[in-house]
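> Each chain, letter by letter, is given below.
Protein chains: 4
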Amino acid sequence: MLIVMKPGAAGQEIDAVISVIQNIGLRPHPMPGATRTAIGITGNTGPVDGRRFENLAGVAEVIRVTKPYKLITLDLRPEKTVVRVGDATIGGSELAIIAGPCAIESHDQAFAVAKAVKQSGARFFRGSVWKPRTSPYAFQGLGEKGWKIISEIRQAFGLKIVTEALEASHIDLIEQYGDVIQIGARNMQNFSLLRKAGRSKLPVLLKRGMAATLEEWLLAAEYVMAEGNYNVILCERGVRTFAQHTRNTLDLASVPAIRRISHLPVIVDPSHGTGSAYMVTPLARAGVAVGADGLMLEVHNHPELALSDAAQALTPTEYAQLIRQVLAIRDLTTPLITDTPAQSQAA
Amino acid sequence: MLIVMKPGAAGQEIDAVISVIQNIGLRPHPMPGATRTAIGITGNTGPVDGRRFENLAGVAEVIRVTKPYKLITLDLRPEKTVVRVGDATIGGSELAIIAGPCAIESHDQAFAVAKAVKQSGARFFRGSVWKPRTSPYAFQGLGEKGWKIISEIRQAFGLKIVTEALEASHIDLIEQYGDVIQIGARNMQNFSLLRKAGRSKLPVLLKRGMAATLEEWLLAAEYVMAEGNYNVILCERGVRTFAQHTRNTLDLASVPAIRRISHLPVIVDPSHGTGSAYMVTPLARAGVAVGADGLMLEVHNHPELALSDAAQALTPTEYAQLIRQVLAIRDLTTPLITDTPAQSQAA
Amino acid sequence: MLIVMKPGAAGQEIDAVISVIQNIGLRPHPMPGATRTAIGITGNTGPVDGRRFENLAGVAEVIRVTKPYKLITLDLRPEKTVVRVGDATIGGSELAIIAGPCAIESHDQAFAVAKAVKQSGARFFRGSVWKPRTSPYAFQGLGEKGWKIISEIRQAFGLKIVTEALEASHIDLIEQYGDVIQIGARNMQNFSLLRKAGRSKLPVLLKRGMAATLEEWLLAAEYVMAEGNYNVILCERGVRTFAQHTRNTLDLASVPAIRRISHLPVIVDPSHGTGSAYMVTPLARAGVAVGADGLMLEVHNHPELALSDAAQALTPTEYAQLIRQVLAIRDLTTPLITDTPAQSQAA
Amino acid sequence: MLIVMKPGAAGQEIDAVISVIQNIGLRPHPMPGATRTAIGITGNTGPVDGRRFENLAGVAEVIRVTKPYKLITLDLRPEKTVVRVGDATIGGSELAIIAGPCAIESHDQAFAVAKAVKQSGARFFRGSVWKPRTSPYAFQGLGEKGWKIISEIRQAFGLKIVTEALEASHIDLIEQYGDVIQIGARNMQNFSLLRKAGRSKLPVLLKRGMAATLEEWLLAAEYVMAEGNYNVILCERGVRTFAQHTRNTLDLASVPAIRRISHLPVIVDPSHGTGSAYMVTPLARAGVAVGADGLMLEVHNHPELALSDAAQALTPTEYAQLIRQVLAIRDLTTPLITDTPAQSQAA
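Chains as they are written, first to last, in this note's numbering: chain A, 20 to 366; chain B, 20 to 366; chain C, 20 to 366; chain D, 20 to 366.
It is worth saying that the hints were derived from the structure and are not from the lab.
Hints are supplied without guarantee of correctness; some may be wrong.
Identical copies look the same in the list; a pair holds intra-copy or inter-copy alike.
[What the hints assert, rightly or not] Here are the simulated BS3-like pairs of lysine-lysine, each with C-alpha atoms no more than 25 Å apart in a straight line: (1) Lys167 / Lys137; (2) Lys25 / Lys89; (3) Lys164 / Lys134.
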């Protein structure tokens with residue numbers, strides 16, 4: 020951190036700032052210049068809240084220099100993390116496809132969708148048993164009944180199960196019956212839940228919060244990793260903006276931005292990211308073209324009857340076409356990306 | 020809900036929509052017009068996810084008519100809710116002041132601030148014992164040690180204690196030692212926590228989420244009320260926008276907007292809502308002038324040494340001046356507001 | 020438009036609404052229902068500002084049904100518009116590449132970049148002679164001196180010239196020396212300028228405003244077309260959000276959203292859309308994969324010396340690599356897109 | 020500006036950055052530290068686009084230190100600007116009220132409203148003769164016919180006329196018939212128009228752009244002042260956010276934020292800032308309580324028949340009540356504000 024004093028700051032004002040720095044246990048480095056003095060700060064174990072200095076007399080500006088994260092950075096780990104789930108991987112050479120219905124609604128629905136997912140070559144099946152719904156009056160998921168169905172799908176198709184945890188007890192159940200713990204956008208800063216997931220042996224798929232900056236998102240991943248669980252997958256699912264033609268605004272630039280800072284794999288969810296079935300396929304192509312490690316997709320055997328997120332679910336036929344398209348783009352872009360200097364600079 | 024068909028929609032397409040409506044257990048009301056047909060829907064107990072119809076053939080537009088909430092509405096309860104906490108009230112004739120440090124840091128700090136709060140005539144003391152922090156490396160609150168200090172303050176000053184719960188177990192502790200359960204912005208859609216708070220006997224202060232629409236915020240209150248706890252206080256604390264001169268953009272228009280729809284009291288937090296001490300007093304004046312039922316304020320005996328949110332804390336002297344100003348504005352505006360036809364229309 | 024009355028609205032209140040509708044020259048269609056009355060409105064030549072009804076007694080909700088545009092719609096013209104500029108096209112089978120420096124700075128700079136642009140096979144050269152700059156103290160473009168350079172490039176390389184007009188007189192000059200009139204994001208709602216461009220014979224490239232909804236953007240195009248100029252190209256260049264890892268948030272979902280409504284071609288500008296050179300290539304790939312008709316790109320022979328937008332300019336080498344990548348993706352996706360049912364539904 | 024090099028940056032990389040700084044005519048100040056080198060930059064006449072350095076090898080971060088404006092600052096002029104329009108003032112001790120219809124529609128409408136405005140004691144009459152409308156099919160204002168009406172109002176009531184200019188020729192007409200040139204939100208970065216207004220003798224009321232940061236807004240004022248016109252009044256009118264309960268989100272924190280930086284007067288427009296008549300009075304109270312120098316208000320003798328912005332116009336009766344309320348708050352807060360240390364620090 021760097022504190023820039025006003026041009027006319029008095030010696031006493033500078034001393035007062037230095038004294039505050041020392042009082043909070045840090046080391047001040049005053050650097051007098053021709054027109055003003057700047058004071059560097061070191062010795063902090065974590066980030067310092069620079070705003071405490073903004074109201075001190077004589078202070079012109081407080082500038083944060085150190086980035087606040089450690090474990091997610093390429094500085095710490097220069098090669099990319101490949102998350103292994105049994106024989107499947109996320110972040111490696113294969114394009115990870117996580118597909119399934121928004122919520123498990125019935126045995127028939129779940130099996131019909133799982134069959135289409137399996138046929139497409141995907142390795143991961145998604146399906147919520149607890150649904151975080153904006154309204155208390157909306158369908159909230161099948162709960163434990165849903166687990167029975169999911170267990171059968173896991174056995175019957177050999178698909179890895181990705182399910183969202185809404186509270187600590189859910190993580191225990193996912194550890195018993197599932198393969199990947201999903202933390203949803205609404206819980207991205209539910210720090211108790213993040214810490215609990217950080218103590219699990221299962222990988223954690225961490226969705227970006229609705230209004231999360233890149234820094235907040237990466238710090239949420241840091242919460243999980245700080246507890247010892249390094250298998251974190253980031254998932255871009257769109258952010259809230261003024262735009263009204265989509266449910267969320269899918270921010271595909273977050274993919275190269277994360278690549279430049281972090282070794283963690285990042286996937287894209289064009290279903291929640293757009294909210295409309297007709298947009299999912301074009302944005303899935305874009306997500307793979309931008310360099311994502313995978314896609315999360317909602318599929319339903321009867322989208323018009325779905326109990327949640329009906330408008331964004333693909334039919335099995337649409338889904339199969341999407342997969343053909345994105346695999347072709349992946350095959351094409353993998354060697355292209357290696358060829359890009361800007362990208363290789365980051366990797 | 021109203022489904023508007025395209026001008027040239029075929030009879031079969033209209034029948035197919037009707038059939039979907041019937042299949043989900045609702046009653047369709049087709050209304051053929053000169054150029055197109057609209058189909059009304061009734062019979063729903065909760066809101067219907069209209070997007071399921073958007074991709075059906077022949078559908079031009081899906082229009083939601085029914086508002087999705089019930090318990091928070093003036094339709095349900097035309098007179099304003101007054102939340103009682105012992106002999107103090109929120110939503111009644113007195114201006115509720117909830118003041119204190121961001122976090123309890125030490126016995127001396129908490130007592131010094133509580134003394135100033137008590138002297139100002141405020142009835143509520145705020146102070147977190149668990150802090151939701153963006154970074155895992157930042158100060159996370161004193162935890163149980165903090166409870167001891169808070170209990171002493173409650174006894175010594177007779178102030179009502181308002182503290183944030185981050186997980187279910189915290190609610191149990193607040194019930195033992197505190198008076199009002201605060202649900203923070205980051206947990207506004209932590210539905211498990213909302214339900215648990217809904218089963219408590221204590222009032223719930225529900226902060227608006229960082230990117231929450233009015234509807235989502237009111238539906239979060241509906242989650243609490245649906246469990247039987249009708250003592251909910253809403254707290255506007257600013258939303259995330261592109262603006263960079265404040266930490267959040269304080270949306271004071273939410274106060275009259277809520278008044279028009281809901282009987283719940285609403286207070287304003289200009290400390291988090293701006294993030295800078297020099298803005299807190301002007302925005303506190305504005306909050307009272309707009310008609311809020313109270314204010315939530317951060318005060319610290321040594322703001323420059325605060326372990327969290329240092330830049331937005333007022334000194335006891337600044338705080339005392341603020342209170343004098345807002346009480347004068349409250350005295351002035353109370354009869355004025357009664358005089359306003361637009362407001363009385365809502366009340 | 021549809022006006023929904025409150026359940027208990029009095030007959031007099033309904034009559035009053037009907038009377039207001041008649042007073043503004045429109046035709047009311049009252050539709051009494053079991054629990055409430057709705058009133059449809061027809062006869063409007065343009066859109067009706069529905070908010071005028073919101074404050075009338077007894078009104079519960081005002082719902083807009085008619086979309087406000089005409090000329091840009093697929094209803095009006097079901098096949099896609101192909102804009103022809105000499106022997107080049109935008110919106111047809113070729114991928115339109117518009118590349119060049121942010122601003123014309125010197126003869127040497129412009130010629131070095133134009134050479135790279137020509138070699139890549141691109142048909143359009145961009146380069147501002149007047150620069151809209153946030154600060155009055157920043158480089159404002161070469162003005163008329165720039166025109167001399169651009170004319171020479173047009174002659175020497177046979178590239179079509181795309182230049183931004185900041186005021187009416189600029190359009191006259193572009194008609195003399197250039198090929199396509201660009202209306203920048205800051206002027207998207209400069210309606211005088213739009214009308215003037217609408218009376219030109221040259222095609223108009225209309226950038227999306229920084230905070231423009233899709234509807235506002237399309238209505239800006241409607242302004243140009245209403246004057247008789249149907250050769251409008253839309254350009255997505257990112258919108259302003261809370262995100263800080265990019266200069267703007269590139270909203271690629273606008274491409275399929277426009278396709279569904281409008282026959283106009285749409286291109287993507289990943290240079291302004293991200294603001295960072297290292298992101299331009301991945302987002303250019305994404306833009307082509309999502310189905311854009313072309314790309315607008317900033318190239319500079321010495322990006323580190325550029326007088327404006329230095330951080331987002333590609334070197335000629337990076338640019339050449341980008342072009343190879345996007346052409347490969349275009350070749351791949353063109354038949355794929357034709358194969359997509361959701362897309363063909365729109366076309 | 021400060022360029023922070025990476026910890027391991029090579030001596031050659033540092034030299035390369037120094038060389039780029041010198042090549043653009045500035046002076047580098049390398050400051051080697053224990054773990055890394057920072058390079059300060061001086062000698063710039065205007066702001067330097069720091070992003071040009073971000074992609075150079077070895078650069079960790081580019082930090083802007085100098086603020087980009089000069090003429091608007093308290094550094095330049097420590098006492099507040101009072102804009103004089105005849106015998107009326109904006110920014111002085113009186114609360115400036117600018118009221119009138121959104122657009123001049125007819126002689127009767129304009130005179131009925133002007134009468135109410137005059138009776139309230141307001142000194143300024145607003146009313147557009149050219150309306151910037153999102154749709155080309157909406158009412159665009161009376162144009163020159165409107166001027167005749169406005170001239171009569173000016174003469175009959177002695178009110179000062181505030182009218183929006185959409186293009187350069189409008190400024191000439193306002194100079195002939197009006198008193199204050201309004202630059203609307205959509206034209207806040209129409210730099211040609213700002214420069215033309217900067218060469219006028221009339222004061223300029225500059226509305227904040229829909230998505231303008233404080234810095235962009237102040238730099239737009241700087242454009243006007245750089246041409247020699249120092250009589251600029253800033254007008255907060257809300258910004259675009261995800262919120263849907265208001266037309267715009269009124270950002271009242273911009274008032275103290277501007278006070279801290281600039282000597283220019285700032286007023287608030289709660290009519291456009293909320294878009295709903297029922298919210299205008301509460302937000303007008305809040306605007307005065309926060310410390311604004313005035314208000315801009317829309318009044319219509321028959322709001323339900325207004326040709327534009329019908330939903331936000333007050334009736335003359337509602338307007339008269341609003342004025343009584345805000346004058347009372349102004350009387351109360353003027354001495355209070357003087358009493359506030361945080362404010363006096365800025366003044």
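> It remains to establish, for every hint, whether it holds in the given structure.
Each hint tested on the structure:
1. Lys167 / Lys137: within (19 Å within a copy, 56 Å between copies)
2. Lys25 / Lys89: between (32 Å within a copy, 15 Å between copies)
3. Lys164 / Lys134: Within one copy only: 20 Å inside a chain, 54 Å across chains, cut-off 25 Å.
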